[in-house]
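The listed protein sequences derive, respectively, from chains A and B. Reminder that position 57 of the first sequence reads as 57 in my numbering, one-by-one numbering, no gaps. Reminder that position 61 of the second sequence reads as 61 in my numbering, one-by-one numbering, no gaps.
By construction, these hints were calculated from the structure, which means they are not laboratory data. Please note: incorrect hints may appear among the correct ones.
Said to hold, decoys possible - Short, incomplete list of chain A residues facing chain B, as computed with Cβ under 10 Å: (1) 7; (2) 13; (3) 15; (4) 43; (5) 46; (6) 52; (7) 54; (8) 58; (9) 62; (10) 65; (11) 77; (12) 78.
What the hints assert, rightly or not - For each label pair, taking beta carbons as the anchor points, the in silico distance ranges come out as: (13) B/134 <-> A/19: 51 to 57 Å; (14) A/51 <-> B/34: 24 to 30 Å; (15) B/97 <-> A/22: 22 to 28 Å; (16) A/24 <-> B/128: 37 to 43 Å; (17) B/46 <-> A/51: 19 to 25 Å; (18) B/6 <-> A/57: 27 to 33 Å; (19) A/43 <-> B/43: 50 to 56 Å; (20) B/64 <-> A/52: 32 to 38 Å; (21) B/136 <-> A/56: 26 to 32 Å.
All C-beta atoms, glycine included, are put in the ideal place defined by N, C-alpha and C.
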Amino acid sequence: MPSVQVLLFARYAELLGTPRIELSFEDGATVGHLIADLRALPGGNSLPERPFVAVNLEQAGYERPLQGNDEVAVLPPMAGG
Amino acid sequence: MIHLVRQPIDVSALIGAVSAAGRGAIATFIGLVRDHHGGRGVVELEYSAYEPMANAAIGAILEEAAGRWPVSVGLRHRLGRLAIGDVAVAIAVGAGHRAEAFEACRFVIEAVKERVPIWKRERYADGTEAWVDPSASGGVRPVATPAGGAG
Numbered sequence: 001m002p003s004v005q006v007l008l009f010a011r012y013a014e015l016l017g018t019p020r021i022e023l024s025f026e027d028g029a030t031v032g033h034l035i036a037d038l039r040a041l042p043g044g045n046s047l048p049e050r051p052f053v054a055v056n057l058e059q060a061g062y063e064r065p066l067q068g069n070d071e072v073a074v075l076p077p078m079a080g081g
Numbered sequence: 001m002i003h004l005v006r007q008p009i010d011v012s013a014l015i016g017a018v019s020a021a022g023r024g025a026i027a028t029f030i031g032l033v034r035d036h037h038g039g040r041g042v043v044e045l046e047y048s049a050y051e052p053m054a055n056a057a058i059g060a061i062l063e064e065a066a067g068r069w070p071v072s073v074g075l076r077h078r079l080g081r082l083a084i085g086d087v088a089v090a091i092a093v094g095a096g097h098r099a100e101a102f103e104a105c106r107f108v109i110e111a112v113k114e115r116v117p118i119w120k121r122e123r124y125a126d127g128t129e130a131w132v133d134p135s136a137s138g139g140v141r142p143v144a145t146p147a148g149g150a151g
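Could you put the whole structure together from the sequences, leaning on the hints where they help?
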């Protein structure tokens, strides 16, 4: 099965206990499927149901199909400035 | 262009970079680390970022500003640990006249707050810490230490 790197930041990295997880996915899987898998991991149920997601540095919708080697980042609410 | 820096921001250099003979106005915004948040005393904070995306997002905001107004814009945002009074973010907008300088400067700081993946962890006078989260009631969420951490 293909896989993607999932990057976690700030409080989300604390919740999952790691800043980076490799997750495999089945053909046709979307960002939404990946977030569901992530929320099923230990600590993942504390994530919001629909966190912001970026794929390859750009904000992505939950219907976006995954491709092998995508870099998927799960982003807490932004707090810069 | 690298907009994220780990060393103190040189505001004078930023202003110099947007100065030119045709620029009659420069507006600046300087964000400082404040000693309180939500009624609690803050002693220091730490910024982190998804750096490649944050740099790209800031670059896109500056391009958008330069497309909407006849201005040149420089921006630096700190990462890492900052003390009270440190410059966290600085924006300098050079323009022909003050109106577009002020408008573009306001646009840039509001867009940075909305669109750039940067996070802020505050440490308080009582030793506790929290993540700043504008979407949370009270504006913060607790630090998620796995077991028995401060909090």
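*asked:* Which constraints among the numbered hints does this structure fail? Numbers only, ascending.
replied: Hints 9, 10, 13, 15, 18, 19 and 20 not satisfied by this model.
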